[in-house]
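A.B. asks: Sequence:
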Amino acid sequence: MSVTSWARRNCVKAQHIKIWCASNSNSSEKLMNGAALFSGFCSLAVRNLFNSNVEFDHFKHPALHLPLYHVREQRPDSPQSSEAPLSFLEALHLDDARVKFLNSRLTKINLTSSGAIKSGRLIDGNSVSVPLNPGGSLGIANYYTRIGLGTPPTYHLVVVDTGSSFSWIQCEPCTVYCHPQVGSRFDPAASQTYKLLSCDTNQCSSLKGATLNSPLCTSSNACVYTATYGDQSFSMGYLSEDSLTFGTESLPGFVFGCGQDNDGLFGKSAGLVGLAKNELSMLSQLSTKYGKVFSYCLPTATPLGETGSGGFLSIGTNSNSGYNFTPMVSDSHDPTLYFLKLSGISVSGKPLGLAATDYNVPTIIDSGTTISRFAGPVYSALREELVKVISSKYKMAEAFSILDACFIGSINEISSVVPSVQMIFQGGAELNLPPHNVVIEVEKGTTCLSFAGNSNLRDIAIIGNQQQQTFEIVYDLASSRIGFAAGGCR
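Residue numbers (the UniProt record's numbering): 1 to 490.
Please keep in mind that the hints were generated in silico from the structure rather than gathered at the bench.
Beta carbons: idealized from backbone N, C-alpha and C, even for Gly.
Take the hints with a grain of salt, since some may be wrong.
Said to hold, decoys possible - Cβ-Cβ distance ranges computed for the label pairs, FRET-style:
{"id": "1", "residue 1": "V387", "residue 2": "G445", "range": "16 to 24 Å"}
{"id": "2", "residue 1": "A189", "residue 2": "P252", "range": "14 to 22 Å"}
{"id": "3", "residue 1": "S410", "residue 2": "G322", "range": "51 to 59 Å"}
{"id": "4", "residue 1": "G183", "residue 2": "A486", "range": "47 to 55 Å"}
{"id": "5", "residue 1": "G428", "residue 2": "S250", "range": "53 to 61 Å"}
{"id": "6", "residue 1": "H93", "residue 2": "S416", "range": "27 to 35 Å"}
{"id": "7", "residue 1": "S219", "residue 2": "A189", "range": "31 to 39 Å"}
{"id": "8", "residue 1": "H93", "residue 2": "S380", "range": "50 to 58 Å"}
{"id": "9", "residue 1": "E384", "residue 2": "N202", "range": "22 to 30 Å"}
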């Protein structure tokens with residue numbers, strides 16, 4: 001094993017020590033020339049790695065719109081991998097690591113919120129959208145889409161994450177380490193518009209808010225980012241700028257990380273695009289042109305069927321669909337995440353009978369968490385009601401990882417007796433969950449409730465992607481509200 005490999009495995013993943021390899025020559029020139037940037041140890045960074053309103057009717061440009069696909073779906077046109085698709089048990093392990101990381105970011109909670117917002121419609125605006133794709137074939141527990149970088153653009157499959165603020169992609173020459181990915185890595189030397197950003201730029205100063213890690217500087221003043229995640233996954237490289245191709249639109253000056261050392265549970269994706277609330281997120285960078293709003297629809301794991309029925313990610317809005325809105329809630333200790341207020345849960349229209357204080361837990365909505373998490377009393381009451389109905393016809397099975405209410409039967413069989421679940425938010429906004437949002441087939445012949453309880457009373461509640469599937473969900477930052485509409489995709 002090489003010294004570099006040993007250092008990566010034994011130092012980087014020790015959580016507190018990161019070996020940063022760089023040559024003494026001019027880093028920007030070497031990056032553009034595709035030469036080895038990380039040859040030799042020049043510094044040892046000892047650090048803790050885990051620590052404008054725009055109205056819709058004033059948008060100047062059509063919406064950005066791309067397809068979006070579900071993690072477990074195996075499509076005929078999905079990227080092919082020599083490895084088996086991600087199993088659901090593996091996905092649950094990744095999910096648990098993510099939830100622990102999200103909770104670690106919130107040691108103190110200080111919530112404030114605005115008043116109730118009535119149901120309404122978005123005014124026709126301008127937006128652009130892309131497909132949102134299933135990550136199962138890439139070995140990730142998330143959703144991915146396709147973006148282009150550079151001039152001329154090269155295209156890459158990237159994870160889409162509302163819980164992250166920073167976007168990065170694996171880049172050549174990548175002489176420290178890049179995880180295997182579908183397709184070729186981005187080559188800055190092949191782009192006519194690529195720019196390496198220096199440490200004295202405003203973008204470099206904004207890195208700590210976006211990544212929770214302070215930037216580093218090379219001897220040639222190039223800005224170095226470090227993005228870390230709860231499962232010890234990380235990306236480290238150069239803060240960069242280039243043209244972004246998103247759907248049919250080409251957008252100059254997109255700021256992202258050009259990863260030179262990337263490892264962890266990213267599957268075979270090329271990188272990640274962040275949609276959380278920070279000035280370096282994709283949403284913020286596109287807001288001048290498209291406004292401070294985005295929406296998506298997360299498709300189920302079943303085949304998409306007819307063209308146009310799949311998931312999508314839209315920056316800006318071009319929809320006349322009716323939404324039920326609830327206020328965004330802000331958290332002073334992590335203002336990048338999307339908080340909202342869960343005020344009640346009903347089963348078949350009947351409230352669980354809990355006190356209002358039982359729901360008084362900070363709650364986020366997150367595209368990257370699979371299974372929704374609730375405070376212990378809320379989950380116990382929900383579980384009791386659902387088990388009472390389902391177990392009257394189907395026998396209970398053993399627990400499956402974090403899912404402790406499972407039944408013997410396929411999802412098609414179990415769904416016939418699963419009651420609807422209503423998640424009610426501040427202002428009356430409601431997610432009326434049909435059976436496929438309530439239960440999930442974890443292995444052949446075993447179907448479980450797709451909710452879990454928090455063991456720690458201080459943990460946040462999370463509305464996960466299993467409950468969001470097929471709903472169009474809009475994040476309207478200009479009006480500080482989140483909206484739900486049924487039937488956005490299948």
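A.B. asks: Kindly confirm whether 50 to 58 Å is satisfied by the beta carbon distance between H93 and S380.
C.D. replies: violated (24 Å)
A.B. asks: For E384 and N202, compare the CB-CB distance with the range 22 to 30 Å and indicate the outcome.
C.D. replies: violated (53 Å)
A.B. asks: Could you tell me whether the CB distance from G183 to A486 stays inside 47 to 55 Å?
C.D. replies: Hint violated: Cβ distance 35 Å, outside 47 to 55 Å.
A.B. asks: Given the hint of 53 to 61 Å, check if G428 and S250 actually sit that far apart at their C-beta atoms.
C.D. replies: Hint violated: Cβ distance 41 Å, outside 53 to 61 Å.
A.B. asks: Within 14 to 22 Å: is that where the Cβ-Cβ distance between A189 and P252 falls?
C.D. replies: holds (19 Å)
A.B. asks: Note whether the CB distance of V387 and G445 lies within 16 to 24 Å or breaks it.
C.D. replies: holds (18 Å)
A.B. asks: Please test the hint of 31 to 39 Å on the beta carbon pair from S219 and A189.
C.D. replies: At roughly 21 Å between Cβ atoms, A189 and S219 fall outside 31 to 39 Å, so the hint is violated.
A.B. asks: Quick check on a hinted range of 27 to 35 Å for H93 and S416, using CB atoms only.
C.D. replies: Cβ of H93 to Cβ of S416: about 30 Å, so the range 27 to 35 Å holds.
A.B. asks: Just to be sure I understand the hint, the distance between the Cβ atoms of S410 and G322 should be within 51 to 59 Å; is that true here?
C.D. replies: violated (34 Å)
In summary, the structure is inconsistent with hints 3, 4, 5, 7, 8, 9 from the numbered list given earlier, while agreeing with the others.
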